[in-house]
Amino acid sequence: MIEFEDIHKAFGAQKVLDGVSLTVSQGRIVYIIGKSGAGKSVLVKHLVGLVRQDSGRIRFEGEDITHFTERDFFGLRRRCAMVFQHSTLFDSMTLVENVALPIRRHLGATQREALEQAREKLALVDMAALSDRLPAEVGDGLRKRVAIARALTLTPRYMVFDEPTTGLDPVNAVRVDRLIRDLSDRTGVTSVVVSHDLRSIFGVADRIVMLYQGKVLLDGTPAEFRTSHDPVVRQFVTGAVEGPMAL
Amino acid sequence: MSDAVARLGAGAIALAETVGALAMFTTRVARAALRPRLDRFETWRMLYRVGVESLPIVATTALFAGAIAVVQTGANVVKFRAYEVVGWAFGFSVFREIGPLLVGLMFSGRVGANNTAQLSTMQVTEQVDALRALAIDPIEYLVLPRVLSMVLMMTTLAVIGNAFALVGGIATSWAMLGVDPWVFWNSFAEYVTLTDFANGVIKAAAFGLAISLVSCHFGLAVRGGALGVGRAVNSSVVASAISIFVLDYFITWILK
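Read top to bottom, the protein sequences are chains B and A.
If you're matching positions, the first sequence starts at 1 in the numbering used here and goes up one per residue.
If you're matching positions, the second sequence starts at 1 in the numbering used here and goes up one per residue.
I should point out that these hints are in silico values taken from the structure, not numbers from a laboratory.
From a predicted model like this one, the values you see are computed outputs, not experimental measurements.
There may be inaccurate statements among the hints.
[To be verified] Just so you have them, the derived chain A footprint on chain B, three or more residues with Cβ under 8 Å:
| no. | segment |
| --- | --- |
| 1 | 86-93 |
| 2 | 101-107 |
[What the hints assert, rightly or not] Partial pick of chain A residues on the chain B-facing surface, computed with a CB cut under 10 Å:
| no. | residue |
| --- | --- |
| 3 | 37 |
| 4 | 39 |
| 5 | 40 |
| 6 | 41 |
| 7 | 45 |
| 8 | 118 |
| 9 | 121 |
| 10 | 122 |
| 11 | 125 |
| 12 | 126 |
| 13 | 127 |
| 14 | 129 |
[Claimed, not checked] DEER-style ranges, computed between Cβ atoms:
| no. | chain 1 | residue 1 | chain 2 | residue 2 | range |
| --- | --- | --- | --- | --- | --- |
| 15 | B | 169 | A | 23 | 46 to 52 Å |
| 16 | B | 92 | A | 30 | 23 to 29 Å |
| 17 | A | 6 | B | 240 | 46 to 52 Å |
| 18 | B | 93 | A | 176 | 47 to 53 Å |
| 19 | B | 36 | A | 163 | 58 to 64 Å |
| 20 | A | 55 | B | 1 | 53 to 59 Å |
C-beta: ideal position from N, C-alpha, C; glycine also.
With the hints as constraints, model all of the structure from the sequences given.
This is the structure we're talking about:
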């Protein structure tokens with residue numbers, strides 16, 4: 001279980017999170033939604049220690065990680081992997097070398113063994129045929145799949161996905177959605193997903209949390225979002241240009 | 001007047017911040033070096049990139065540095081007919097001073113700038129955060145192999161550079177001054193000591209350490225996008241050059 005309790009975060013004068021509290025239960029898929037700049041990515045980066053809160057408390061599997069040092073977070077990051085919005089593959093390495101890196105560093109494998117295991121992981125996301133290409137030589141959707149394969153190498157119990165379907169064609173977006181759903185259904189992985197993609201949100205989420213003006217506006221099931229009468233939620237869900245949602 | 005004072009003060013604060021941040025970064029690297037978990041694959045790759053790929057440019061620089069040293073002393077050698085000391089004069093100046101200094105500056109321009117550009121690009125494209133998210137310490141994985149490679153390869157390249165400078169010196173003194181290569185060699189071998197050689201090697205190692213720390217620091221401390229990368233590379237090259245001259249002064253003074 002993951003618990004965020006009254007998280008505040010500002011960058012200079014700009015307040016991004018203003019008392020966000022939410023809980024993510026084991027094995028569930030929770031989508032964090034909100035307009036661009038609402039603080040969704042900032043919130044989830046707190047979980048793996050890439051951003052530190054100004055105040056508030058975070059618990060991970062019952063352990064208070066609020067004051068974890070960078071070194072403390074290394075243990076947690078092996079249990080909670082993150083897939084970034086822009087894939088962030090290492091551009092000086094081939095795709096298979098990208099996936100092999102955490103295997104070599106954490107599982108004590110030699111480079112040859114790590115490459116073999118990495119090819120198997122790439123096969124799971126249908127990328128084995130392109131494994132010797134550089135990230136710059138493949139498209140966004142393919143890079144995203146490799147990033148997911150890389151994040152899964154250490155078999156984490158928790159996954160954070162930052163806009164996993166943004167910029168993907170519909171077919172690749174559905175593949176990524178299925179992957180997230182399968183991870184939860186087959187292996188019990190808990191996923192926290194940041195997204196704007198309504199098709200993905202309503203197709204995959206167990207629960208949805210909407211951030212607005214630094215706070216949680218609504219925390220509920222997809223059905224509750226569909227039937228909500230809150231004007232901001234309505235505007236987001238329907239994609240209406242006119243409405244109360246400030247730019 | 002008050003504007004000038006304010007600018008001076010802001011400059012002093014910025015300098016203090018940079019020196020302080022560099023000192024803190026060096027402490028982090030030193031702490032990581034105490035319990036090194038070097039990535040062998042990355043270290044070999046860096047040794048190749050830093051050393052082997054720099055060899056042609058360093059050899060060319062050293063060859064001409066040796067030749068220039070002889071050209072500069074040529075007029076006085078002819079004037080005083082001091083042909084038998086040209087090898088010594090060459091060895092003393094090139095091995096102790098000109099060789100490591102020029103190789104250091106070339107190394108800073110080629111390897112240091114490249115290193116800052118690579119690390120800062122990784123930083124602004126979140127690749128460094130991706131490493132952290134994979135529970136891989138960027139200091140252990142990115143910085144330690146670079147520091148080790150730059151110190152080892154700068155030292156090695158300075159030694160190889162000395163050999164090329166010697167070839168340049170012998171060829172030039174023969175072609176320009178008519179000094180027989182054996183006369184040059186005998187003068188060099190008799191008067192240039194191991195201390196002169198060691199002096200240059202120590203300087204090269206210190207320059208390699210300074211270039212590696214400065215270039216890694218500016219690479220990882222970058223803020224902003226492409227503009228930030230450009231600024232980081234610029235700052236790195238300037239700071240590396242300054243640190244080379246400052247270190248050269250102090251090492252020369254200590255080992256005099």
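So, going through the hints one by one against the coordinates:
Counting residues of the segment 86-93 of chain B whose CB lies closer than 8 Å to any CB of chain A gives 6, so the stated coverage by that chain holds, three being the minimum. Given a C-beta distance limit of less than 8 Å, the hint that chain A covers the segment 101-107 of chain B holds, as 5 residues qualify and 3 suffice. A cut of 10 Å between beta carbons decides the hint on residue 37 of chain A: the least distance to chain B is about 8 Å, and the hint holds. A least Cβ separation of about 7 Å between residue 39 of chain A and chain B falls short of the 10 Å threshold, and the interface hint therefore holds.
For residue 40 of chain A, the interface hint holds, since its Cβ comes within 10 Å of a Cβ in chain B; the closest pair sits about 8 Å apart. Proximity of residue 41 of chain A to chain B holds as hinted, the smallest CB-CB distance being about 5 Å (cut-off 10 Å). Against a cut-off of 10 Å between C-beta atoms, the interface hint on residue 45 of chain A holds, since the closest Cβ of chain B lies about 9 Å away. This hint holds: residue 118 of chain A has a C-beta 7 Å from the nearest C-beta of chain B, less than the 10 Å allowed.
Interface hint at residue 121 of chain A: satisfied, since its Cβ lies 8 Å from the closest Cβ of chain B, which is below the 10 Å cut-off. A cut of 10 Å between beta carbons decides the hint on residue 122 of chain A: the least distance to chain B is about 8 Å, and the hint holds. This hint holds: residue 125 of chain A has a C-beta 7 Å from the nearest C-beta of chain B, less than the 10 Å allowed. Given the 10 Å rule on beta carbons, the hint for residue 126 of chain A holds: about 5 Å separates it from the nearest Cβ of chain B.
Because the beta carbon of residue 127 of chain A sits about 5 Å from the nearest beta carbon in chain B, less than 10 Å, this interface hint is met. The criterion of a C-beta within 10 Å of any C-beta in chain B is met by residue 129 of chain A, whose closest approach is roughly 5 Å, and the hint holds. Between residue 169 of chain B and residue 23 of chain A the Cβ separation comes to about 50 Å, which falls inside the hinted range of 46 to 52 Å. Look at residue 92 of chain B against residue 30 of chain A: about 26 Å separates their beta carbons, and that is inside 23 to 29 Å.
A hinted range of 46 to 52 Å holds for the C-beta pair residue 6 of chain A and residue 240 of chain B, which are about 51 Å apart. Between residue 93 of chain B and residue 176 of chain A, the C-beta spacing of about 50 Å keeps the proposed range 47 to 53 Å intact. For the hinted restraint 58 to 64 Å between residue 36 of chain B and residue 163 of chain A, the CB-CB distance of approximately 60 Å keeps it satisfied. In this structure the hint that residue 55 of chain A and residue 1 of chain B lie 53 to 59 Å apart at CB holds, the actual value being about 56 Å.
Consistency note: the structure conflicts with none of the earlier hints.
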